[in-house]
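Asker: Take a look at the letters that make up each chain.
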Amino acid sequence: MTTLRLAFAYLASRPLATILHVLMLALGVATAAFLLLFTSQAEERLARDAKPVDLVVGAKGSPLQLILSSVFHVDMPTGNIGLEESKAISRHPMVASATPVALGDSYRGHRIVGTDASFLGLYDAKVAAGRPFKEEMEVVVGSEVARRHQLAPGAKIVGSHGLAQAGPGHDEDPFEVVGVLAPTGTVIDRLVLTPVESVWHVHEHHGGAQPAPPAAAPTQGGRLEITALLVKYRTPLAAAMLPRLVNSSTSMQAASPAFESARLLDMVGVGVQTLQWFAAVMMASAALSVFVALTSALQERRYDLALLRTLGARPLRLASLSLAEGVTLLVSGVILGLALGHGAAHALGLWLAQSGSWPLAGLAWAPGEAMLVAAVFAGGFATCLVPAVQAYLSDPASLLAKR
Amino acid sequence: MLEIRGLRHQYAGRTVVSVPEWDVPRGEASLVLGPSGSGKSTLLNAIAGLTTPTEGTIRVAGEAMTGVAPASRDALRARRIGLVLQTLHLIGVITVRENLRIAQRLAGLPRDDARIDEVLASLAIGELAGSKARQLSVGEAQRVAIARAVVNRPPLILADEPTSALDDANCGKALTLLLDQAKATGATLIVATHDNRIRERFARRLEL
Ligand SMILES: Nc1ncnc2c1ncn2[C@@H]1O[C@H](COP(=O)(O)OP(=O)(O)OP(=O)(O)O)[C@@H](O)[C@H]1O
Ligand SMILES: [Mg+2]
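One line per chain: the protein sequences are W and Z, in this order. Taking the working numbering, the leading residue of the first sequence gets 18, the next gets one more, and so forth. Taking the working numbering, the leading residue of the second sequence gets 1278, the next gets one more, and so forth.
Certain hints may be false.
Claimed, not checked - Just the calculated beta-carbon pair ranges, DEER-fashion:
{"id": "1", "chain 1": "W", "residue 1": "57", "chain 2": "Z", "residue 2": "1389", "range": "54 to 60 Å"}
{"id": "2", "chain 1": "Z", "residue 1": "1341", "chain 2": "W", "residue 2": "394", "range": "39 to 45 Å"}
{"id": "3", "chain 1": "W", "residue 1": "298", "chain 2": "Z", "residue 2": "1401", "range": "56 to 62 Å"}
{"id": "4", "chain 1": "Z", "residue 1": "1407", "chain 2": "W", "residue 2": "57", "range": "28 to 34 Å"}
{"id": "5", "chain 1": "W", "residue 1": "298", "chain 2": "Z", "residue 2": "1404", "range": "53 to 59 Å"}
{"id": "6", "chain 1": "W", "residue 1": "29", "chain 2": "Z", "residue 2": "1404", "range": "19 to 25 Å"}
{"id": "7", "chain 1": "W", "residue 1": "394", "chain 2": "Z", "residue 2": "1283", "range": "32 to 38 Å"}
{"id": "8", "chain 1": "Z", "residue 1": "1340", "chain 2": "W", "residue 2": "406", "range": "25 to 31 Å"}
{"id": "9", "chain 1": "W", "residue 1": "348", "chain 2": "Z", "residue 2": "1457", "range": "29 to 35 Å"}
{"id": "10", "chain 1": "Z", "residue 1": "1388", "chain 2": "W", "residue 2": "369", "range": "56 to 62 Å"}
{"id": "11", "chain 1": "Z", "residue 1": "1344", "chain 2": "W", "residue 2": "403", "range": "26 to 32 Å"}
Hints were generated in silico from the structure; no laboratory data involved. We treat Cβ as the ideally placed atom computed from N, Cα and C, and that holds for glycine.
This is chain W alone, in the form it adopts within the complex:
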């Protein structure tokens, strides 16, 4: 009681400094927590979207672009492949399932994906309302799409050409929403799914007249095309065989989502790591300035500590007095920092959800955070103990003779 009362009295005796120290520490912790949340969730998100697909077969070009466009649904497709040609892959004995993907249109920034029923299975998506699509021009919308645009089975939506927010409309060909998916936490939440035939149908009307391919559409020759094929292997052996087979003996290319997203993370990782270092440096400098301030405050306190010794205080009490003051600062700084970091992540998450990007959950813990808190406390404890030990080792008589 005496110890805590004294510690609070010391903190209260210099309120401005106390508040500034807490804020400094809080900002460092907040930055670090925010970055930890952001990077860990980005990685997890990429992994979750990529995991169900073993191999993507699509038009030749950049393999990363192929993965980005047909698995993560962010980039432009590399081109189209012939339906007949892709069937040869689907029928390969090492292929467990092959899901077609035909891209080209979007609904208010959400991609309309021409596919078949197996797409839902890839992401374990369940229909929450209505039913799966069956006929041409029927769509099932992801939970995010339904939430943002208040779509329910029975609604009619009009796609626009191209994958951007606003392209020329396909007003004469409205889709009918027949189902809404339950949230999965994957990319499917932000997609509009329809049978491949719908995409062909929409683009038949326009023929080749529309600019801005690549859109999966019948070409002049009447050949049916899709954008990519999402393949699941029947056997691990396929990983060694299939990509080579596709790349060498067909006009198509095969790309592995796991490999490409690892490569992407490697490239982005340099940036993320830089940010993490930046956060670490910020944290360290914040911690350092708090510790310097604490040390100088506790240096002044040495006289009081020496006095307490003359009154009979044991080393443990001197140490706990030093600690109580520092720990109060540390705990408030860390709590405020975590609140700020998670609050910022949550706010950004809400904003990102508004703009339709992948969500960031601020109200969750990132794996590195326990380490972060432990490191701050370890450093803080060590700093607080120094003056206490000094007070005990130094000769109280000569200390008390001063001033």
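Following the hints, position chain Z with the ligands against chain W.
Answerer: Relative to chain W, chain Z with the ligands alone:
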């Protein structure tokens, strides 16, 4: 109460205080006199167990203060000795009452606000109990330091220059307070000073 034998203390090979033999009986008031730098503070610190003398033995209330572990010195001091330091050293951020409570607490005594009020009243600073110690004038702080030294009724009170900062009137008052407090609790009092204003008040003197 106090028994010193063959005491000598050196700083860097220079002997700053030497007391071959000195006994102070229980309940007596003694004065340690000497010019500045003659080793008065050093002697008091050695008696209080804050400084370990180079040579010699000190016994307080029959218990050894020299040749024992620091922990027993701390315990002996906390239980038996009330200190009025030359530089006072109140804890500024807390109240006068809390300063006295800490002294009770660290001596292992139960909290006793009635005793605190009694001591403060007898030193005529009862109304300062709730004031922050750092707001006190020097004279007031000196009284609080005296109050803290006597609040636990220690059998031995050591006061180092308790009057050096005070004008004549307050010097006389402070000394009266110390002597009265010592008498009231039956404590042995040792005052170190170079202040010739107070030498006549003590029958027993040690000249350094
Ligand atoms: N920690 C120390 N290290 C080295 N020398 C010291 C130390 N403390 C005191 N001295 C020296 O010991 C001598 C005695 O000092 P002390 O403080 O005991 O004198 P004093 O009689 O109390 O003087 P004053 O009346 O000024 O308080 C002085 O010469 C001083 O310089
Ligand atoms: Mg002195």
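Asker: List in ascending order the numbers of the hints, as given earlier, that are violated by the structure.
Answerer: Checked against the structure, the hints that fail are numbers 4, 7, 9, while the rest are satisfied.
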